[in-house]
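Student: Given next are the chains, with one letter for each unit.
Number of protein chains: 2
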Amino acid sequence: MIKANDPTLHSWIQIAPDSDFPIQNLPFGIFQTDMKDPRVGVAIGEYVLDLCVLGRYDMFVLLDIDPTIFHRPYLNDFIALGKPVWRAVRNRVSELLRNTNDEISGNSELMHECLIKRSEVEMLMPVKVGDYTDFYSSQAHASNVGTMFRDPENALLPNWKHMPVGYHGRASSIVVSGTPIHRPNGQTKAPEAELPTFGPTAQLDFELEMAFIAGKDTPLGTSISPSHAEEYIFGLVLFNDWSARDIQAWEYQPLGPFLGKSFASSISPWVVTLDALEPFRVHGPEQVPSPLPYLSSGGHHNYDINLEVLLETEKGVETRICRTNFRHMYWNMQQQLAHQTSNGCNIRVGDMFASGTISGSEKGTFGSMLELTRGGTQPLRLVDGTERSFINDNDTVIMRGYGEHHGIRIGFGEVRTKVLPAFLQEK
Amino acid sequence: MIKANDPTLHSWIQIAPDSDFPIQNLPFGIFQTDMKDPRVGVAIGEYVLDLCVLGRYDMFVLLDIDPTIFHRPYLNDFIALGKPVWRAVRNRVSELLRNTNDEISGNSELMHECLIKRSEVEMLMPVKVGDYTDFYSSQAHASNVGTMFRDPENALLPNWKHMPVGYHGRASSIVVSGTPIHRPNGQTKAPEAELPTFGPTAQLDFELEMAFIAGKDTPLGTSISPSHAEEYIFGLVLFNDWSARDIQAWEYQPLGPFLGKSFASSISPWVVTLDALEPFRVHGPEQVPSPLPYLSSGGHHNYDINLEVLLETEKGVETRICRTNFRHMYWNMQQQLAHQTSNGCNIRVGDMFASGTISGSEKGTFGSMLELTRGGTQPLRLVDGTERSFINDNDTVIMRGYGEHHGIRIGFGEVRTKVLPAFLQEK
Chain A
2 MIKANDPTLH SWIQIAPDSD FPIQNLPFGI FQTDMKDPRV GVAIGEYVLD LCVLGRYDMF
62 VLLDIDPTIF HRPYLNDFIA LGKPVWRAVR NRVSELLRNT NDEISGNSEL MHECLIKRSE
122 VEMLMPVKVG DYTDFYSSQA HASNVGTMFR DPENALLPNW KHMPVGYHGR ASSIVVSGTP
182 IHRPNGQTKA PEAELPTFGP TAQLDFELEM AFIAGKDTPL GTSISPSHAE EYIFGLVLFN
242 DWSARDIQAW EYQPLGPFLG KSFASSISPW VVTLDALEPF RVHGPEQVPS PLPYLSSGGH
302 HNYDINLEVL LETEKGVETR ICRTNFRHMY WNMQQQLAHQ TSNGCNIRVG DMFASGTISG
362 SEKGTFGSML ELTRGGTQPL RLVDGTERSF INDNDTVIMR GYGEHHGIRI GFGEVRTKVL
422 PAFLQEK
Chain B
2 MIKANDPTLH SWIQIAPDSD FPIQNLPFGI FQTDMKDPRV GVAIGEYVLD LCVLGRYDMF
62 VLLDIDPTIF HRPYLNDFIA LGKPVWRAVR NRVSELLRNT NDEISGNSEL MHECLIKRSE
122 VEMLMPVKVG DYTDFYSSQA HASNVGTMFR DPENALLPNW KHMPVGYHGR ASSIVVSGTP
182 IHRPNGQTKA PEAELPTFGP TAQLDFELEM AFIAGKDTPL GTSISPSHAE EYIFGLVLFN
242 DWSARDIQAW EYQPLGPFLG KSFASSISPW VVTLDALEPF RVHGPEQVPS PLPYLSSGGH
302 HNYDINLEVL LETEKGVETR ICRTNFRHMY WNMQQQLAHQ TSNGCNIRVG DMFASGTISG
362 SEKGTFGSML ELTRGGTQPL RLVDGTERSF INDNDTVIMR GYGEHHGIRI GFGEVRTKVL
422 PAFLQEK
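Residue numbers (my numbering), protein chains in the order written: chain A, 2 to 428; chain B, 2 to 428.
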């Protein structure tokens with residue numbers, strides 16, 4: 002069988018060489034149009050392939066799956082069918098799109114119905130998220146934040162190198178790319194002030210992260226070993242963990258981040274499968290001290306994915322403010338999932354696990370304004386000459402990511418979010 | 002119209018004076034039997050009233066609701082119909098159960114079908130929980146823990162009197178009363194040890210809490226004022242926030258509780274409506290300093306609910322180890338919900354908001370072993386002569402609660418959970 006990742010594959014659809022969505026990618030998402038209610042699609046070049054329509058034309062008949070599984074507002078039911086089914090569907094879509102296949106390309110009625118320009122669809126949340134965990138797995142980020150919020154001499158807390166530290170986030174406020182968010186209100190207290198005040202945050206920030214999506218349930222009271230963890234991962238998205246630093250700083254002791262984060266998190270709409278990311282596996286950094294056996298994870302479990310953050314001003318001027326790489330993470334996804342379930346905590350299809358801010362060790366590689374501007378003290382100069390300590394109203398933050406191997410680019414598209422002014426508080 | 006709370010009401014069903022479920026209570030839950038799949042029921046004395054059957058017999062026909070709404074595995078769809086509908090259904094059930102009404106009592110076929118002994122049904126999770134927040138709103142508890150974990154001189158952190166501090170918990174592992182849990186494994190490090198180790202917690206603890214359930218969605222980017230918060234609350238349950246103190250102590254800096262909590266939380270199965278708790282409203286403690294306007298909440302917004310915790314050993318010997326009252330909470334539910342949404346975070350029907358451990362100011366009123374035994378240093382002596390620093394394998398922890406007014410007792414039943422030994426870690 003020809004592998005869906007084979008770099009020699011070509012599609013009968015014209016695909017630009019710098020597209021994130023060649024025939025080797027085939028990420029899954031949920032889209033709708035004026036004519037079509039929410040359903041499962043696959044991105045290919047400039048198009049969305051409508052799996053609902055393919056099912057209706059019996060294109061999956063050999064796979065023995067209920068084709069109405071693609072006529073759902075979330076991917077969860079499809080994901081719950083299991084990894085053999087995702088693989089079979091992705092392989093079948095790959096086959097249908099190959100330049101050697103005419104099942105779609107030779108049927109103009111079907112082709113017209115199943116291919117829609119991506120520019121003409123609205124992308125929705127790909128999954129219904131049950132629980133969402135945010136890890137803190139970049140050593141450079143944890144060191145940078147530890148230095149600024151606490152003590153430069155002991156930037157990494159004693160537990161950090163022994164476990165992938167994480168916390169539970171708010172699932173209800175995870176929104177898809179293109180959904181504008183409001184600057185949050187909140188309680189803050191300047192160090193020198195006697196009393197706190199309430200109002201719009203003055204330190205709105207992004208955090209560049211990636212998140213993986215659980216592909217399989219576990220029962221309560223069982224754990225996942227690192228060596229089995231990949232069986233439980235469906236795919237990855239870009240993740241912007243919006244943060245209000247002044248709210249966070251005043252609230253977070255002793256129980257961790259809460260309202261400084263829960264106003265919104267934004268994700269990219271296309272879920273790139275772990276299978277599609279196979280060519281980008283790399284060794285992670287050496288872990289010293291060696292993790293405890295329940296976190297032991299030899300081999301190549303990091304991913305070489307180039308990441309960038311752009312800030313677009315109200316007038317549409319874009320400045321790239323960060324370039325970094327997902328390979329920098331100290332703790333990998335296997336270890337994060339093993340840690341999460343080590344106490345018997347169950348996971349469910351659609352659960353989301355974000356990496357924590359991805360920062361490299363040099364300034365241009367930091368994944369948050371907090372780090373890029375050293376807590377706002379060294380503002381960034383944008384292309385249009387204006388400066389930013391944090392994010393302004395009407396700014397748009399854009400994150401993009403892709404791997405490249407043998408000339409094949411597997412990308413995530415983008416997560417793009419405009420910041421609207423604070424809303425009026427209910428009286 | 003006769004009020005469903007009227008203390009002069011009596012039912013044609015015999016109800017013991019010390020029952021938690023007189024005709025003035027009428028809490029909602031989800032039950033199943035060997036013969037019946039999951040559905041909505043109301044507790045009355047020793048019985049469950051099957052609302053599905055009542056719907057089939059046209060008993061709700063004047064309310065103009067789809068009777069299949071009661072044939073669901075969770076209350077969420079029913080709750081989403083809105084407060085006027087819950088009220089109308091509860092009032093109608095009250096009417097049907099009154100000794101002056103014979104619509105059920107005069108129809109032996111219906112009566113036989115709609116009333117099932119509570120001892121013969123299995124209670125299930127009443128709601129599908131989207132997000133779960135755990136607050137930290139008892140001053141005595143926060144002071145006790147701050148003294149033990151940090152600094153007795155500054156037991157309350159500076160933010161505590163300015164906001165209801167809280168954090169996001171894990172929704173997937175919330176289980177209903179009767180579900181046994183396993184002692185969790187986890188990473189711990191004794192203060193004097195050089196390196197952490199992994200294994201079963203040696204400090205398994207409960208936390209006595211109450212939780213309210215959201216009854217109405219809000220859109221992202223809007224907030225709820227304290228004066229409107231009660232419109233968003235469906236009802237309350239007892240909540241046992243299981244905690245592993247040694248895991249928690251090592252992991253919780255800087256991002257808060259994670260695996261020390263996420264292995265399980267247990268709730269009582271019957272949701273007592275806010276309407277049923279109306280007679281128990283009391284003033285909360287004076288709040289000094291005055292909260293900021295967005296948290297300002299005059300009037301009677303605490304509830305006088307007696308609470309107790311019992312520990313039952315493997316041989317069935319029960320010892321009451323705590324008696325306290327929900328009225329002690331410093332921050333009330335109105336303020337918790339206003340705070341949660343003050344940054345625009347949306348809530349959804351079924352979301353759960355736990356109070357934090359409910360402790361009074363004296364030893365017998367503390368809501369956790371951590372406080373009752375001063376961190377395990379002063380073990381409790383049980384009725385059978387054995388001692389406990391924390392919870393042993395095969396112990397059962399039972400929490401009960403009720404309000405009493407004009408001789409009418411409105412109770413929550415119980416949340417009862419047996420602790421099984423730690424599970425084997427996957428290899």
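It is worth saying that the hints were derived from the structure and are not from the lab. Glycine included, each C-beta is placed from N, C-alpha and C at the ideal position. Don't take each hint at face value.
As the list claims (entries may be wrong) - Stretch by stretch, here's where chain B covers chain A in the computed footprint (C-beta under 8 Å, at least three residues):
no. : stretch
1   : 173 to 184
2   : 221 to 233
3   : 336 to 348
4   : 402 to 411
As the list claims (entries may be wrong) - Below are the DSSO-like pairs computed for lysine-lysine, each with C-alpha atoms no more than 30 Å apart in a straight line:
no. : chain 1 : residue 1 : chain 2 : residue 2
5   : B       : K118      : B       : K162
6   : B       : K129      : A       : K217
7   : A       : K129      : B       : K129
8   : B       : K129      : A       : K84
9   : B       : K419      : A       : K419
10  : A       : K190      : B       : K162
11  : B       : K162      : A       : K217
12  : B       : K37       : A       : K217
13  : B       : K217      : A       : K37
14  : B       : K190      : B       : K419
15  : B       : K37       : A       : K129
Unchecked claim - A few chain B residues facing chain A, derived, Cβ under 10 Å:
no. : residue
16  : D132
17  : Y137
18  : F150
19  : P153
20  : N160
21  : S174
22  : N186
23  : L260
24  : F281
25  : D305
26  : E309
27  : L311
28  : T314
29  : N347
30  : D385
31  : L421
Student: Are there three or more residues in the stretch 336 to 348 of chain A whose C-beta lies closer than 8 Å to some C-beta of chain B?
Tutor: This one holds; 8 residues, not fewer than the three required, reach chain B with a Cβ under 8 Å.
Student: Are B:Y137 and chain A close enough, Cβ to Cβ, to be under 10 Å, as the hint says?
Tutor: Given a least distance of 6 Å, the restraint on B:Y137 holds.
Student: Checking one constraint from the list: CA of B:K129 to CA of A:K84, max 30 Å. Satisfied?
Tutor: holds (26 Å)
Student: Does the interface hint hold: is B:F150 within less than 10 Å of chain A, judged Cβ to Cβ?
Tutor: holds (8 Å)
Student: Straight-line Cα separation of A:K190 and B:K162 no greater than 30 Å?
Tutor: holds (13 Å)
Student: Going by Cβ atoms only, is B:L260 closer than 10 Å to chain A?
Tutor: Hint on B:L260: holds, closest Cβ of chain A at ~4 Å, below 10 Å.
Student: Check whether the Cα positions of B:K37 and A:K217 lie no farther apart than 30 Å.
Tutor: The hint holds at about 29 Å.
Student: Regarding the hint that B:L311 lies at the interface with chain A, is the smallest CB-CB distance below 10 Å?
Tutor: The hint is violated - B:L311 has no Cβ within 10 Å of chain A, the shortest such distance being about 24 Å.
Student: For the stretch 221 to 233 of chain A, does the count of residues with a C-beta closer than 8 Å to a C-beta of chain B reach 3?
Tutor: holds (count 7)
Student: Quick check on the hint: B:D305 CB to chain A CB, less than 10 Å?
Tutor: violated (27 Å)
Student: Hint check: A:K129 vs B:K129, CA-CA at most 30 Å. Holds or violated?
Tutor: Holds, at roughly 13 Å.
Student: So, as I understand it, the hint says B:E309 touches chain A; can you test that by seeing if any CB pair is closer than 10 Å?
Tutor: Cβ of B:E309 sits 26 Å from chain A, so the hint is violated.
Of the numbered hints stated above, those contradicted by the structure are hints 4, 5, 9, 11, 19, 24, 25, 26, 27, 28, 30, listed in ascending order.
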